[in-house]
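Visitor: If you want the building blocks of each chain, they are given just below.
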Amino acid sequence: MSTLTKLSAIPYTGPAPTNRNVYTPTEAPAADARGEAILAALNLSALTQERGQDLPTFIVDRAEIINVLRALHDHASLQFTLPLELFAVDYPNREQRFDVVYQLYSLANNERVRLKVRLADGETLATSSGVYQAYDWFEREIFDMFGIRFDGHPNLRRILTHENFQGHALRKDYDPAQRWLLTDAGIATIHPKIAPQFVQEEEDSDFERVTLNLGPSHPATHGTLRIVTTLDGETIVGADCEIGYLHRCFEKMSETHTYQQVIPYTDRLNYCSAIINNVGYCMTVEKMLGVTAPERAQHVRLILSEFYRISDHIICIGTNLVDMGALTNFWWLFQPREEIIALAESCSGARLLPSYLRIGGLAVDVPSDFLANAQRIVNMLPRYIDDVEALVMKNRIFRDRVEGVGVISREDAINFGFTGPCLRATGVPFDVRKSNPYLGYETYDWDVPVAEGGDTFARFLVRFEEMRQSLRILQQAIDRGLPPGPVMVDNPYVALPPKAKVYNEMESLIYHFKLIMHGIQPPVGEAYFQVEGGNGEVGFYIVSDGTKHPYRVRARPPCFPIFEAYSKMITGQTIPDAIAALGSLNIIAGELDR
Amino acid sequence: MPVQKIDTPNSIIPRKAGVAPGEGPEKGLITLPGEAARDTGDDLGGATYLTTKLDQVVNWARGNSLWPLPFGTACCAIEFMSMVSSHYDISRFGAEVVRFSPRQADLMIVAGTIVDKIAPVLKTIYDQMPEPKYVIAMGACATSGGFYRAYHVVQGIDEIVPVDMWVPGCPPTPDGLMYAILKLKEKIERGEIRRG
Ligand code: SF4
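The listed protein sequences correspond, in order, to chains A and B.
Going by our numbering, the first sequence opens with residue 1, and the numbers climb by one from there.
Going by our numbering, the second sequence opens with residue 595, and the numbers climb by one from there.
Looking at chain A on its own, in the form it has when it is part of the complex (with noise of 0.2 Å):
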């Protein structure tokens, strides 16, 4: 009998090709240079900085961390007031096996810092839910996902996943496919904290309090957000949310498949406004990859981004406007909505989900007539928006409803982590696109709304003045027209090349071929970077180890945090005001959640 064994049968079993090379950000001169000033200026020996990151990064003693969170916030100058993020990085062959992440941006500087806190498997961190109140459903998403306890939190059980979930599925030994099933004997019964001014000494028998729920369905939730409410009469005496009923394994998905995999997922974190999402992720993979979209990408990227933050703002208002019982603006306003969508899939072919971006610019060109019916739509938009506002804003019914109701301050608001509309409605002007501009933003003329008074109504005249605005952008995009060019970088590493060259020459099709079985592959390093999406701050921090999958991939999400803070808004009111409180909130489930 032969020996012989067929080669091809033998599997290929050494280490894939990975990229060796270390991610030097652009930013990290300057980022190491503001990180020296920050370290002298607090003046704290907790803090190590952690050198050659896009942003100024300190390593933080774990026992210290409040004493630094509470140092940079009430810093005279430093002033770190907004937490924008905290979240975890497992590295299961550390001996300190967590990275606790923390970044916080400075609304008087204009600046962002980044803490993070090594930990070993079992070792727990003190909440940081008193210094920004933002991070106690921060903390419990890390709890649920990495099973890292937080010392005094008060309310430490998870969030995102079920009741019978076992094991923390964002850990690295993770099944991503393990499931566990719920069933109705799971589910656990919540009882809401009354708020401190509703608690009563004694029982008063004449009035029993009843706790009401609502959702997870109930048309107007908008999705799968369930509010357990007590109630004492018609007034909310406390409140809680309960979310994770649309918890899609985003971050934990990314880690499996490839870079642009990834571009469709993130399209699902706010489905309303799909391309800025794409936009957020694929400007942090070129941001590690060192690549920039060519001109007349970018210039579709922002064209793209604009439409679909009206629509966004539509469905918004729209929605809302229905809760409160205004069918007629909803019919209204999806009229030219459905034209936003049509010219999206005169580009891609999808229509509410185009994944139209790629990493290094676009997926296809668009058609010729894309500005033409780009202008076509901003010509028609404005008229819609006028006549919904005119219906609704001089309607007594309307401002009786909105006013004053669901108040938040501007300093809840910012100790919250708010960010977009909903902070701009208390008087704060924080927009990215202003603040850390991207796709050109800053050669627009254009301005940030903001409203006064933090209650539903001041995020309607904000919603309405931003739509305004998008259209100031765009009409300047339209007139400055499409910069000629490709769409795609021309580097064989991130793009794959034309066919024509593939059959034709041998190096295309080397690249071709290791494009696709390896895929991108973008230094080792780790990056975080920002847009303005529909509802605040998008951001994306992406670890890499050099292979062709993420190693980590999380998005902020900005309706986390916003959501966070409102059974706070609604404790004192009624249901009816809680429910036009939560419509103007533009809570989505698919960011909220992942």
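Mixed in with the good hints, there may be bad ones.
[Unchecked claim] Partial pick of chain A residues on the chain B-facing surface, computed with a CB cut under 8 Å:
1) A169
2) P176
3) W180
4) L181
5) T224
6) G244
7) Y245
8) C249
9) R268
10) L352
Honestly, the hints are just simulated from the structure, not real lab data.
We treat Cβ as the ideally placed atom computed from N, Cα and C, and that holds for glycine.
Based on these hints, arrange chain B with the ligand on the given structure of chain A.
Guide: Same frame as chain A, now just chain B with the ligand:
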């Protein structure tokens, strides 16, 4: 309680004397579903009655007045909204009375990803709907979990509830969903009843 298929030869609609139900060509002025091709002979003399079977009328009415309950959880729900709103306008086919109460609906459109956490809710709502009830699984997620082959996602709602129509797409276009509703309408008019 499940509704039985009504199969009675006795029509409530008065017929021409002398012709027993089920015998000979039924004659009427309007063709209803199920009625054989008409033959309006002279002997009718302008009669104004029509004949059909009760279950056929009922099914015809049912198929043309579906009351959907949108169990919308995710992106597909937005496309569902597009289908009910002005441009596509599902009211042309009589299914625009969207009800969020399961007691008032007979068609559940599951639009969006169903995750393990919400699965018991979906089951409860389905159980609360009165018979006859129909289910459309809209989109890849409701059909099979879609591209979320993951630790918290139900891999198709037929794990939980029986399904009448599957709509492909991620998300399906509004016309795709509309097509499913029309197909379901045909199915109902044929009198097919699925046992859940
Ligand atoms: S099928 Fe696609 S569009 Fe529909 S819910 Fe699932 S991911 Fe979203």
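Visitor: Work down the list of hints and note, for each, if the structure agrees.
Guide: Okay, the hints, checked on the actual structure:
no.	hint	in the structure
1	A169	5 Å, holds
2	P176	6 Å, holds
3	W180	7 Å, holds
4	L181	6 Å, holds
5	T224	5 Å, holds
6	G244	5 Å, holds
7	Y245	4 Å, holds
8	C249	4 Å, holds
9	R268	6 Å, holds
10	L352	5 Å, holds
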